[in-house]
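S.K.: Protein chains in written order, with our numbering: chain A, 7 to 492; chain B, 88 to 438.
Be aware that a few hints might be false.
Claimed, not checked - Here are the computed distance ranges between Cβ atoms for each label pair:
1. B/136 - A/15: 19 to 25 Å
2. B/425 - A/45: 38 to 44 Å
3. B/123 - A/136: 51 to 57 Å
4. A/103 - B/91: 53 to 59 Å
5. A/15 - B/364: 41 to 47 Å
6. B/324 - A/252: 43 to 49 Å
What the hints assert, rightly or not - Chain A is faced by these chain B residues, among others (derived, beta-carbon under 7 Å):
7. 93
8. 201
9. 308
10. 355
11. 378
12. 381
13. 400
Just so you know, these hints were derived from the structure itself, not from any lab. A virtual CB, placed ideally from N, CA and C, is assigned to each residue, including glycine.
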Amino acid sequence: MSVPPDPARIRAELAALLGPGSLLADEAPLAAYESDALFAFAARPAAVIAPRTADEVVAAVRWCHRHGVPFVARGSGTSLSGGALPVAGGIVITLNRLNRILRLDPAERIAVVEPGVVNLAVTLAAQPYGLHYAPDPSSQSVCTIGGNVAFNAGGAHCLKYGMTSNHVLGLKAVLATGEVVEFGGTSREQVGPDWTGLFVGNEGLFGIALEVTLQLLPRAECFHTVLAGYATLEQAGDAVAAVIASGLLPGAIEIMEQLALQAATAAVHADYPPGCEAVLIVELEGPREVVAADRVRLETILAASRPVEVRPARDAAERLAIWKGRKSAFSAVGRLSPDFIVQDGVVPRRRLGEALRRIQAWSREMGIRCANVFHAGDGNLHPLILYDGREPDGLRRAEELAGRILRMCVEMGGSITGEHGVGVEKRDYLPVMFPPEELALLRRVRAAFDPAGIANPGKMFPEGIAPALTQTGLHPLERAGVISRE
Amino acid sequence: MSPATLEELVAAVRAHPRVLPVGAGTKARLATAAPGFTPLSTRALRGIVEYEPDEFTFTARAGTPLTELAAVLGERGQYLPFDPPLAAAGATLGGTVAAGLSGPGRWRFGGVRDFILGARFVDGEGRLLRVGGKVVKNAAGFDLPKFFVGSAGCCGVLAELTFKVFPRPAATRTLRLTARDAVDQVRLLRACAGGRWELDALEATVEEPAVYVRIGAGEAALGPLVAEMLARFPGRELTPAEAADLWAVVSGFTWAHPGGALAKVLLTSGEVPAFVAWVRAQEAGRGWIAAGGNAGYLSLPPGGAPAVSPWPGVRLRGAGSRWLGPRRTAAVMTAVKRALDPAGRFPELED
């Protein structure tokens with residue numbers, strides 16, 4: 007194995023390999039890739055490459071494998087768990103130029119896309135045929151399918167239709183070993199172990215998806231969206247449990263709490279019932295006859311849940327306004343505070359009210375503002391923990407509250423992450439969820455895909471005992487202090 | 088070997104150098120051990136461990152019969168929406184996962200892979216391990232529960248499984264639509280799939296160009312939906328008794344030759360005519376088209392062996408290799424198999 011001695015040499019070799027047009031080597035562009043949407047973490051890569059073809063991606067990964075240089079694949083950098091955080095001295099491979107929809111087949115209702123295609127672009131391309139791509143993360147207008155696949159992205163409509171993994175039928179990928187594989191295909195059925203299912207959600211630790219086959223669904227004929235305001239957050243949580251237990255299957259059930267309501271009001275002039283600690287959004291969807299019948303049942307359930315006010319959307323414009331407020335809430339809350347971190351732990355849905363009450367109590371006790379905007383129907387919390395990074399222990403205290411919330415989720419039988427992934431941010435909490443033997447299993451699977459530990463190292467697994475460190479010792483560049491693992 | 092507890096299961100795996108996990112044997116080919124392998128049945132490892140009706144999730148031991156699950160879920164108006172097949176024949180939950188088999192209802196919300204949340208299994212080293220989670224949404228760690236779907240016992244013995252379930256529709260109606268030929272059948276399948284009706288099941292027959300449609304909803308909504316479909320497509324509504332018979336025949340594969348060969352192949356709707364021709368070209372071949380044309384089942388009389396398949400497939404009954412048609416192999420597949428089963432205690436992926 008020949009090791010390039012320094013970042014300049016890495017850049018020179020990559021420029022020779024790919025052509026200068028695919029290499030961003032100037033200082034200014036490099037700075038833009040130091041972080042993803044989790045700004046608390048930053049690292050300076052040795053080089054950022056922006057391949058124009060899948061072959062260039064394969065060539066770059068094989069080069070990294072040959073030289074033992076770590077690489078991080080990146081789409082639009084919207085990861086909230088630091089999933090696209092660079093490895094200092096490693097390579098960032100941005101996939102935004104691979105943004106072609108290779109095939110859109112309305113008859114079979116599938117799309118084959120490159121990893122840099124933006125999530126919403128798939129739905130926009132499918133729309134003329136009455137189809138859509140179901141997973142709808144809040145960042146859907148910028149986030150890419152490659153990133154969605156790597157982190158098994160969710161969205162507001164997971165309740166009925168599942169996550170990204172439920173919509174990926176097959177994929178082609180280059181693994182960290184340089185091997186190019188094809189999993190699954192264009193059929194909605196499978197035989198043999200579900201390799202596609204295993205790849206989706208690998209957090210970039212297996213390799214890079216080059217082509218992804220997605221299933222498209224007919225757009226629902228009819229939507230009925232209701233906004234209900236509650237005096238207390240716990241009442242809103244209990245209303246969710248009541249809707250779920252009733253046997254209705256809404257397309258989405260979301261909760262926004264006070265701080266998020268104020269922020270959305272300020273940012274997009276959203277209008278919410280006054281005097282409410284929380285607002286519940288329930289959306290029914292389906293054939294008009296089904297929605298009409300479900301609507302009556304929903305009204306009865308909500309009426310019994312002691313709301314302050316119930317506001318059904320009367321037309322498409324009002325529905326869009328409800329969703330605009332909901333989807334803008336994250337960035338809007340960001341304006342309330344210099345810094346924030348967001349968690350996405352999951353609790354059993356029947357314990358939602360209790361979980362929200364505990365978070366509220368901790369927030370008061372610790373004097374940390376916390377806004378919840380989340381996928382209540384799945385029990386998937388999204389507490390936004392506000393802090394000021396200029397205060398000496400601002401981040402530490404925010405992380406302490408985040409830690410309490412994550413431990414609570416695991417104690418309640420839930421998960422530390424519903425859709426953002428473990429990334430760099432929650433890696434120390436993976437052992438809270440999985441005992442050593444099961445962590446070791448996950449590591450063995452990782453090593454099967456990436457024996458050298460060069461694909462997105464430092465993510466998912468706790469620091470210090472990453473497979474590469476235990477199996478191959480320190481990389482020569484690490485020993486020389488040129489690169490380090492985050 | 089038929090361990091009844093998790094401890095006995097671990098001991099049984101450790102006691103034998105070559106093990107084939109089996110359930111009730113309703114997919115006989117997948118339950119047939121190669122020479123040197125000891126069959127390890129999970130049939131005695133049964134029972135629901137945890138069921139939270141308000142949570143719409145349950146955890147059950149791998150050997151739990153599907154009929155037992157359906158009864159318990161049914162009491163609360165819930166079900167596994169992918170209609171796991173061969174329930175009446177005694178199929179188990181673990182066998183359904185290992186075979187990766189879904190029934191007609193998979194059309195609406197997805198198959199067995201889309202409802203599995205977590206699993207406990209014994210790996211090749213005899214360790215009882217947990218993968219996935221118990222809540223409806225979980226992105227922590229790799230999605231190994233999905234990987235086990237269709238793994239046919241190659242990577243471990245399933246011990247316990249966690250699934251999400253859905254509310255069962257208040258009522259269903261079944262229509263039999265008629266097409267002119269296999270090409271017209273494709274047109275009909277696609278028109279049904281792309282419509283506003285959100286069908287529960289969409290299947291088709293090989294011996295005649297018919298398409299079967301099931302719609303599930305509240306009674307009030309069903310009337311207009313059925314009327315609209317029948318106004319648009321030629322066909323008729325089945326009586327409740329006819330519909331019950333039909334879905335029992337499909338779910339139980341009783342349309343197939345008793346004691347014969349049975350294989351599943353992967354299709355897309357456009358490949359239905361080629362599949363129909365492939366089935367008809369085989370001596371006494373019978374077929375069924377499932378999941379809106381995404382899967383085809385071939386049955387041959389006892390002793391029959393499927394012709395070379397242009398599509399990837401799995402042999403559920405009858406002699407011969409487990410897999411049919413084109414197979415992809417990759418170095419990483421062997422590496423993952425070794426990660427779960429370093430000593431090769433379970434069958435190889437390509438055996």
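S.K.: It remains to establish, for every hint, whether it holds in the given structure.
M.R.: Okay, the hints, checked on the actual structure:
Checked against the hint of 19 to 25 Å, the C-beta distance between residue 136 of chain B and residue 15 of chain A comes to roughly 57 Å, which is inconsistent with it. Here the CB-CB span from residue 425 of chain B to residue 45 of chain A is close to 40 Å, well matched to the stated 38 to 44 Å. With their beta carbons about 55 Å apart, residue 123 of chain B and residue 136 of chain A fall inside the hinted range of 51 to 57 Å. A hinted range of 53 to 59 Å holds for the C-beta pair residue 103 of chain A and residue 91 of chain B, which are about 58 Å apart.
Against the hinted window of 41 to 47 Å, the Cβ-Cβ separation of residue 15 of chain A and residue 364 of chain B comes to about 60 Å, which falls outside the hint. Between residue 324 of chain B and residue 252 of chain A the Cβ separation comes to about 29 Å, which falls outside the hinted range of 43 to 49 Å. Contact between residue 93 of chain B and chain A, as hinted, is not supported at the beta carbon level, the nearest pair being about 14 Å apart and thus beyond 7 Å. Given hint, residue 201 of chain B at the interface with chain A, holds; its Cβ is 5 Å from that chain's nearest Cβ, closer than 7 Å.
The criterion of a C-beta within 7 Å of any C-beta in chain A is met by residue 308 of chain B, whose closest approach is roughly 4 Å, and the hint holds. Using the Cβ-Cβ criterion of 7 Å, the hint placing residue 355 of chain B at the interface with chain A is satisfied: the shortest such distance is roughly 5 Å. Checking residue 378 of chain B against chain A by beta carbon gives a least distance of about 6 Å; that is within 7 Å, so the hint holds. At a threshold of 7 Å, the smallest CB-CB gap from residue 381 of chain B to chain A is about 4 Å, leaving the interface hint in force.
About 6 Å separates the beta-carbon of residue 400 of chain B from the nearest beta-carbon of chain A, less than 7 Å, and the hint is met.
The structure fails hints 1, 5, 6, 7 (numbered hints given earlier, in ascending order).
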